[in-house]
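Spelled out from the first residue to the last, the chains are:
2 protein chains.
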Amino acid sequence: MMDFLEEPIPGVGTYDDFNTIDWVREKSRDRDRHREITNKSKESTWALIHSVSDAFSGWLLMLLIGLLSGSLAGLIDISAHWMTDLKEGICTEGFWFNHEHCCWNSDHVTFEDRDKCPEWNSWSQLIISTDEGAFAYIVNYFMYVLWALLFAFLAVSLVKVFAPYACGSGIPEIKTILSGFIIRGYLGKWTLIIKTITLVLAVSSGLSLGKEGPLVHVACCCGNILCHCFNKYRKNEAKRREVLSAAAAAGVSVAFGAPIGGVLFSLEEVSYYFPLKTLWRSFFAALVAAFTLRSINPFGNSRLVLFYVEFHTPWHLWELVPFILLGIFGGLWGALFIRTNIAWCRKRKTTQLGKYPVVEVLVVTAITAILAFPNEYTRMSTSELISELFNDCGLLDSSKLCDYENRFNTSKGGELPDRPAGVGVYSAMWQLALTLILKIVITIFTFGMKIPSGLFIPSMAVGAIAGRLLGVGMEQLAYYHHDWAIFNSWCSQGADCITPGLYAMVGAAACLGGVTRMTVSLVVIMFELTGGLEYIVPLMAAAMTSKWVADALGREGIYDAHIRLNGYPFLEAKEEFAHKTLAMDVMKPRRNDPLLTVLTQDSMTVEDVETIISETTYSGFPVVVSRESQRLVGFVLRRDLIISIENARKKQDGVVSTSIIYFTEHSPPMPPYTPPTLKLRNILDLSPFTVTDLTPMEIVVDIFRKLGLRQCLVTHNGRLLGIITKKDVLKHIAQMANQDPDSILFN
Amino acid sequence: MMDFLEEPIPGVGTYDDFNTIDWVREKSRDRDRHREITNKSKESTWALIHSVSDAFSGWLLMLLIGLLSGSLAGLIDISAHWMTDLKEGICTEGFWFNHEHCCWNSDHVTFEDRDKCPEWNSWSQLIISTDEGAFAYIVNYFMYVLWALLFAFLAVSLVKVFAPYACGSGIPEIKTILSGFIIRGYLGKWTLIIKTITLVLAVSSGLSLGKEGPLVHVACCCGNILCHCFNKYRKNEAKRREVLSAAAAAGVSVAFGAPIGGVLFSLEEVSYYFPLKTLWRSFFAALVAAFTLRSINPFGNSRLVLFYVEFHTPWHLWELVPFILLGIFGGLWGALFIRTNIAWCRKRKTTQLGKYPVVEVLVVTAITAILAFPNEYTRMSTSELISELFNDCGLLDSSKLCDYENRFNTSKGGELPDRPAGVGVYSAMWQLALTLILKIVITIFTFGMKIPSGLFIPSMAVGAIAGRLLGVGMEQLAYYHHDWAIFNSWCSQGADCITPGLYAMVGAAACLGGVTRMTVSLVVIMFELTGGLEYIVPLMAAAMTSKWVADALGREGIYDAHIRLNGYPFLEAKEEFAHKTLAMDVMKPRRNDPLLTVLTQDSMTVEDVETIISETTYSGFPVVVSRESQRLVGFVLRRDLIISIENARKKQDGVVSTSIIYFTEHSPPMPPYTPPTLKLRNILDLSPFTVTDLTPMEIVVDIFRKLGLRQCLVTHNGRLLGIITKKDVLKHIAQMANQDPDSILFN
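Heads up: the sequence lines are chains S and P, in that order.
Using this note's numbering, the letters of the first sequence map in sequence onto residues 1 to 747.
Using this note's numbering, the letters of the second sequence map in sequence onto residues 748 to 1494.
This is chain S alone, in the form it adopts within the complex:
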C-alpha cells in the first residue's frame, strides 16, 4: 500500500503518434509549471532569474525563428534563381553568378539588351559556339529539358529516400497538427533539410509550382526544432503549437514580404488556438523574418519579393465590373482546380499510379519542360512571369507586353496615356493565352506529387494572365471607343485610364482566393504588395466574388479538401454545425451495442483491468462509483493505465493480478491477508467533461472546438450513459454531410 506513485512515471502524459492531444490537459500542465516557477522565484535570486528568462524565452524563440526562417528563405530564393538560370546557360565569370548578376558586372551591356552580355553563355554557345540557328535552338531546348529532368529527379529521389514528409505544400498537415494532432517527424530536422534542398530543385525544374506553401512548412520546422532548446516549449504540446502558429506567420511573411498578411494568414487559415499573446508574438516573428530576408536582399532591389508593384493611376467605379468578372473567373478556377486535383490525387492513392512517384514526377516534368520552352512566358520562372504581368508599363520597359505604338511619343511628360497595342502586345496576348491553358492543365497534375509544391504561385499566375488579358482588352476598348457611354465620363482620348497591371493583380487575388478561400489575409497580402489603400476595394470585390462563386460550387478550400482526402482528424472551426442531432445520437455505445466499458473506483483487480485493456481498443475508460449507480468519478487514459500497471508490477512489492486497484482518496477496507492494493488516483482525470444526452450536437461540436477536447462523457439524469470522442464527432459531421464516415482514419 505504498504511495510510490506521487512522483511522475516516465511516459505518463505523453501521446502516441497519430493521436490527438488534449488541449485542456496540456494547458493545465503549463499553468502548473508556470505557477511552480513563479512560486519558486521568491525563494532565491537564481530562481528569479530563471523565472524572468522563462518569461522572455518566448520572445527569444520568436527572434530565432524569424532569423532562421528569413535566412532560409533568402537562401532558397538565391539558389532557385541561380538554378533556374542554369537551365539556360552559365556565367563564364564565375559559375555561381545567375544571369542577372553575371551581366551586372559586365561592361558590355547596352541599355536595350540588359539581358545580353558576353559573360553569359547559353548552352549552345558553350557546346557548339553559337546562339543562332535551328541547331542551337535544339541544343538549348535539349539542355533545358535535361536540367529540368535532373532537378526533378534529384528532388523526388531525395524526398523518397530521406524524408517522405517533405513532399507537398505541407499546409494541410500543419493545419491538422496545429489543431492538436501528432505526426512525429513531420516537423523534424530531416524534413527541414530535405524540404529546403528539394524545394530549390523543384522550383528550378520549371514545374508549375511555387515555394510559398513549402516555405510555411520550412518555417514551422524551424519553429519546432528551435522549441527543443526551451523546456517550456519542448515538453508541452499546446505551447509548442502556439510557437508553430507564429512560425507559420513568419513563413508567409517571407514568402510574400507581407508580415501583417502573414499573421492574418496564420490566424485565418492555419491556426486553431490563437490567443492574443500569440498574435503579438507572431507579428514579431514575422517582422524579424521579413527584415532578415530584406537584409539578405535576394532580388537586389531591397524588396522581399519579385513582384512588388506600385501603381499610380486611380481606378474608376465602372471598372468594378471587369474586376467582378475576374472574381467569377477566380471562383470557377478554384472550384475546378479543387475538384479535378482531388479526383486525380484520389486516383493516385487508390490505383497503381501511386507506386511510381519518381516516374510520375519525371513524366510531368518532361511534359512541362517540352511544352514550356518554346513559349517565353512559360519558360521564365513563374514568379518572374507574375512580376512582368503585374508591372505597369513605364517609358523604359523593353518587355513585349509594353510594345505599344507611339510608345516613346508621350505628350504629357512622364505619364503614359492609353495607346493602341503594337505587334509585340498582340503576340504576347497569344502566348499568354497558351500559357494560361498550359498552367491550368499542368497545375492540376503537379500539385500533390511527391515533391515540395505550393500552389499560391501557379494560382496567382493563372489569375494574373487572365487579368492581364482582360486588362489589355479593356485598355484597347477604352482607346478605340473612348466615346462610349461607359468611358466618356472618365476616359478622354490620350488619358491613362486603364492599368492592365492592376487587372493582373486583381485576377491573381481572385484565383488565389478561389483555391484557398482566404479572405482578409489575401487582401492584406495583396495590399502589402502594392502599398496603396486605394487598390484594396478592387481586390476585395474580386476576392469576395471569387469566394462566393467557389463556395457555391463546393464548400471546401484546397487545404480542407486535402485534409479530408488524407482522413486527418481535423475539426473545422469555421463551419457551423447546422444539423439538429443530439449527443445521444452520436455517443458510443449505440442503442443495440453492449454497455459502455467502465472501471469501478474501488472494486476491480489488476487482472480485471488488464482483461478490459486487452479486450478493447478504447483509448480511455470512465471510472464510476459502482456499475449499478453509474455515477461518474473520473476518466483514465488507456496509455497511462498500461504504463502505471506495468510500472507497479515491476517496482512495487507484492502487486499481483489479484491486487485491488482503487481510484478513491483512501484505500477501500480490505479483509486481512489480501495482496497489497494499487492506488491510481493520480492518473485519474477528476474533471472529465460531461454533457447530457439531450445536448444538441451543435453545442457539443462547439465545446470540442473551443476547448480542444479529445473526448466527452454523456450522462442522463446524473447517470453515465456513453462517450463521444473527437473521432465520433468528425464521423458524425461527415455522415451529416453525406460523406463516408470511414474517411476519418486517425484518432
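Hint data in this document are derived by calculation from the structure and do not stem from the laboratory.
Model, not experiment: these values are computed from the prediction.
Ideal placement from N, C-alpha and C gives every residue a C-beta, glycine not left out.
All the given hints hold, so there is nothing to weed out.
Label-pair restraints from in silico Cβ distances:
#1 S/T581 - P/K1024: 17 to 25 Å
#2 P/N1339 - S/R627: 32 to 40 Å
#3 P/L1023 - S/T616: 34 to 42 Å
#4 P/V1170 - S/W46: 53 to 61 Å
#5 S/R555 - P/S1404: 48 to 56 Å
#6 P/A1320 - S/K650: 43 to 51 Å
#7 P/W851 - S/P314: 18 to 26 Å
#8 S/W46 - P/F765: 46 to 54 Å
#9 S/W46 - P/T1097: 44 to 52 Å
Computed footprint of chain S on chain P, listed as stretches where at least three residues anywhere in the stretch have a Cβ under 8 Å from a Cβ of chain S:
#10 1019–1031
#11 1440–1451
#12 1459–1466
With chain S held as given, fit chain P onto it using these hints.
Relative to the frame of chain S, chain P by itself:
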C-alpha cells in the same frame, strides 16, 4: 393538462437590463432560426428569396454601417474644425467657412503667410477693428475662453439632460456589452444623436480630449440602431454583438484612417466573441467607412486623418536606444495616468464632486482655456499639434519647429541635411515643454468627466511632444558631435541622419500603448499612418517596451481599470487565471450555507415554486429527479418560470396553487380529482453545463470565457452539489487578486 405551451410565450428568452446573456442559448436560437429558413427555402420561390436575402443581410448591414459611420465621422470632423476656428475668429465671406477654407478662396494670400487673409477676421478685428496691441490680445483671449466655456456648457448640459450614457469614451462599456452584458439605451438613438453633437462641442471647446474613442461609440450606436432593420440581428443578442464588433472596427477605421488597424483593434481590444466570419465583415465595414470618409474629404487633402505622414530617410540601428527610451517614457506615462485618473474618478464617484458635473466641466474648461491661449501649441487643436509634430521639416515649411539656421541653403538639391537649430526651434522647444506638462496634468482630470472624451489623441500628443523634444535633441547632438563614435559610422556632416518627426511618432505610439496596452493594432494603425514597412521596427520596439514597463507597474489598461471601477461583469479573456483553486471553493452554497435550492421534476406544486421564487433572488434553479438522489435533469431560469406560471394562471383553465408542475416528458401519474397539472418542459434547459467539484478553477474560467456561459452546475460523483455563476467567477478572480470582491456590481 393542455399542452398549450408549445407556442412561445412572449418574454421568454429575453433578458433584463444589467444582466448577462447566455451565449450558448443565443447561438442555438440563431442556428434554429437559420435551419428553419433553410428548410423552408426548398418549399417556395418566395422562401428561397427570403433565405438568400437573409444570408446577404449581414453584408448589407455592414455596408450601411460603413456608410453611416463614415458620414458621421466626416460631419464631426468638419464641424469640429469649423467650431475650433470659431474660437479665434470668423470668416466674413461666409460664417460657415473655417479659417483654412476661408483663406483658400482669397486672392490676397501670400506664400509666407498662408494663414492670413483679409476675409478671416479675428474677434478683436471684428470688435475693436484691430489685431495689434495688448487690448486686442485680451479681447481675443477673452473670446477664446468664452467660446470654450459656451461649448463645454452646451456639451455637458446636453449630455446631462438627454443622454447620460453619451459621456466618456464609451469603450469600457462597449467592451462589457460585447462580452455579453445588457445596458439598455447605451447604444440607442438618443445616445447617438447627443454623442455626435456633444462630441463636436467637446472637441471644439479645446479640452484635452480626442474624438477617437467616442467615434467607436458612435459607430457602435449606428450598428445597434441599424440592427433593428434586420430580424436576424434585432432578436438575437449574440448576432447583434457580432455586428457591434464590426462597427467598432469601422469606428477606429474612420478615427485613424486605418481600416486594417481598426479590425485588429476590434479583435484585440474590444471584441469578445470574434469568429472569422466577423473578421471578414468587419474588414468590409471598416473599408466602406474609410472610403465614405475619404470621399467627404474633411481635411481637403484626400487623407482620412490630419496627421498622415510620409518619411523618406531611413533610421539607423543605434536609434533604437532613444526609441526604447521613448517606450519607457510611454510606459511610465501610461501607468501614472491610469493610477491618477482612476484615483480621481473614484473620488468623483464617492464624494460630493460627482454631484456637480456641470461645474466640474466648466472649471476644467476655464483652466484649460486660460492656460492654453498664450501658448500657440496648446491653443491649436490637439490633432493639428500632432500633425505638426509628426511632420518632417521640408524646404517650404514655415512652422517655427522648422526654423533651422541655413534652412534655404541646401547643398544637395531637395534633401535636407541636419542643421543647427535656429531661434524658432529653441523657442518652440520651451513652448512644447510647457505644453507637455499642461497636457499631462489636465488630461488626468479631463478623462472621465460627463462629456464625450477620448484619450487616444491626448495620449498621442503627450508622446509626440516628448518624442519631438528628444528627436530635436538627438538631431542637434548628431549635428554638433558627428565625430562621436556612435554617430561617425552613419552620420557624416551635412547628412540627414535624424528625423525628429519619426521620434514624435514613436513617442505617440509608446504613450498610446502605455495607456491602452494595445499592441498589434497600435503598430498597424501607426503603420497605416506612415505607409512604410521600414518604420514598423521602431514603432514595435517602443510599443513593446512601453507595454512591458506599464505592465510591470500595473496590470490593467485604462479601459479595464474603468470597467473594474464601474463594477461591470467583464471576464477578461487575455489574463490567464493562475491560482490553484477548485470549483468546490467557488461554488454556492458554501460549506456552512443551507443546501442548494432545487426544483424537483415532477413533485412540486405551483405554490411550492412560487414560494421558492419569492424567498430567493437566484436567477435560475436546477431541476433534479428527487431531492434524495440529487440527480440533475436540467436548469430553469427564474424569469422564464415567473412568466410561464403567470401566463398559465391567466390562460390555462384550472391551474391553481395546488397544481403540480412537471418538467418530465409525460405527466406524472396522478390520483383522480386533482387539479390539472402544468407542463413546463419547454422552458427547461435540458443541457446545462456541469463540472465536477474537483475541476480546477482555471478550467472553469476557461469554459466560462470560451463558451460565454452564465452559470455552470457543480457535481460530485454524479450528484448535484452547487452552482457557479459568472458573478461568482468574477468575485473569485477579484478576491484572488486581493481586490474587493464586492466591486462586482451587476449580474
